Amino acid sequence: MKSSLIRAGLLAGVAMFGANAAAADVEIEYWQYIYETRVNAMDQLIEKFEEQNPGITVKQVTFPYADYQTRVIAANMAGKGPDVLQLFYGWTDNFVNGGVLQPLPKDAFPDEMIETEFFPIVGAMKRGDDYYGLPTAVRSLALFYNKALFEKAGIENPPATLDELVETAKALTETDAGGNYTTVGMTVEMGGQDHQWWREVLVRQFGGAPYSDDYSEVTYDDAAGIAATKWYTELTTEHKVGATGFMDEGQAAFRAGRAGMTIDGTFRLGSFSTIEDFEWGVAELPANADGLRSNYASYFANGLGAGAEGEELEAAEKFLTYLTSPEAMQLWLEVVGELPARPEAALTEANLADPVYGPFLAGLEYAHTTTFFDEQAQRQVTMDMANRVFLQGQSVEDSVAEAAADEQAILDRFQ
Amino acid sequence: MAFDDTTRAARAPRLSMRTRRALWVWAFLALPVLFYGVIRFYPTLDAFRLSLTNWNLMSPPKFIGLQNYREMFASPDFWQVFRNTFAYLVIGTPISLVLSFTVAYFLDRIRFGHAFLRALYFLPYITTASAMAWVWRWFYQPAPTGVINSVLGALGIGGMEFLRSTTWALPSIMVTAIWAGLGFQVIIFMAGLRSIPQTYYEAARIDGVGDWAILRKITLPLLKPTTVFLVVFSSIGFLRIFDQVYNMTTNDPGGPLGTTKPLVLMIYQTAFNSYQMGAAAAQTVVLFTILLLISLLQLWILRTR
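Protein sequence lines, in the order shown, are assigned to chains X and W.
Going from the first sequence to our numbering is simple: count from 1 and add 12.
Counted from 1, the second sequence has number 121 at position 123 by our numbering; the numbering is strictly sequential.
Extracted from the complex, chain X is given alone in its bound form (with noise of 0.2 Å):
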């Protein structure tokens, strides 16, 4: 009995010793831009992944987020590269193009586990058979308004519908006698988060769509781009609700308590949690008269570095899929506040019921994912669409089809 312990707990002793030895001193490196809590969650995150795989060491570099991609290609070029990085969802074309990622191995990533267990928005990180990328969290767009300002204005519910939040804005709306917004109900601001808001929701809400399925051809161009854009900047030309450039841009002058709403994503809750003078509430994005409803949601995904092999490689993968769990999910909702990427860690009861994350989740049921090719310069376009409708008194019938003509040129660089 004795012995047989001793010799079970030398047994022990040695497959230890030989797991460690045969793992010893894998050192990864995980790359991602400088965000404080993105970092401070990364940070919890290797220490928990260490943990539970002792040997394998992740060390976390990070850069600021102006200089992250050129960085990454550089690094590439000089066959200097991350072994697990993190990337738009955007930029899956230009480094899946420049050998920055490799796909995916199937045996620990199945694509029918992929398609099963996560949003289906994640199709956008596949290229031919394969996928580049899984992300930990996901981000949707909402509905912020102000509390203080809809009761000062006897309105209860933030508005379900695009006439009701016509209506609702126009109530909110407060100008000096000189006919300066010193209040407006609703931002506007294409440069913010309304471009992706115009393209993904207001034109299939109008009955069209922004672009031909692979996002190559440019479909806008229609009676309901028009009718879209149209809807859109009579907030500023029709309703005078507000106006682009207001305490210059958007999210100010919500914060600074001057805007009734705005559309934002989650990303931007960080920042508006700190908000201490007013309280604010977040609604889904409104209805159509038809009740019909989009949404855009994009992603940072995790992709494996096309330098990694051997060893490396292998920790890489266990890195990934840890990243990718539904614990490391929760921990990056708590810390960041970006929704999981699992529907099955994003759409607990709790997080239903929460009044914050609600409406960014059911967003997430049914929101569109655009794929960008040079995401910069598409919003340019957008922007000066509304622009020269703005500014040049241009009409909306031209002005889309000069922003169609414009992203479709783009769009050509890339086929």
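You can trust all of the hints, since none of them are fake.
Anything over 10 Å on all C-beta distances counts as not near chain W; from chain X, calculated:
#: 1; residue: V178
#: 2; residue: G219
#: 3; residue: T249
Residues from chain X shown here face chain W by an in silico Cβ test under 10 Å; the list is partial:
#: 4; residue: G204
#: 5; residue: R270
#: 6; residue: R400
#: 7; residue: F402
Hint data in this document are derived by calculation from the structure and do not stem from the laboratory.
A quick note: this is a predicted structure, and the numbers were derived from the prediction, not measured.
For every residue, glycine included, the Cβ atom is placed at its ideal position computed from N, Cα and C.
Position chain W against the provided structure of chain X, taking the given hints into account.
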């Protein structure tokens, strides 16, 4: 062969004092030359090569001949930016020179508060351009945040859309750029004024020449080297304008509708937002050519003096 090596090592080269000194000098000179060669001249020359390629940083550059140039010259956006850049130059340079000369001319004559006023004029020049641009950006906001519009509103005058106007955004930005560079130009002009020998003025006064004539016949002609220097310096500054524009229009860089976008901002966006390195290099070559022509012009004007 081995024999040869050892003898050469044994016989240390005996150099004359002069050669050794020259070697030292060149050793020290080589450093900046090498540095500039690698950091400045090589990339400059390489830009010409890159401008003939299609390169997105990731796949190797592909030679496409003059296509980048053809596309650039055919693009209305490029010509808009080109016009903007020259608007900064053609409006900004004369205004800033006249202003700074006037300030320097009168500042040179006063004793009371001279140093204090000079420091006030110089202060913007040593302030970070981006910080200053942000302050001005807030000045220009619509009411209730913008100071200028709030004052206009209080006076019963309707608000003015400074940075949100396709007409006024560029002049609004130019004002801040002129203000920022004013201090430096004032100091240089004052140094120029001081270097004019007083005897000329004394002689003119004895002959009974008036202030205006003194200014036209003595001061301005003798200030020519200073003026030429400042014209070139400020022209190059306006042609390279970036900080003010970028920081005052970050929500819509170079906007609204591209009406404030200078060449440098366009190069930045083409290179680091769209990753079209070849096209960006072609734009750089254009900027380089303009700057080169202006510098040559300066040499030519100075030579005919």
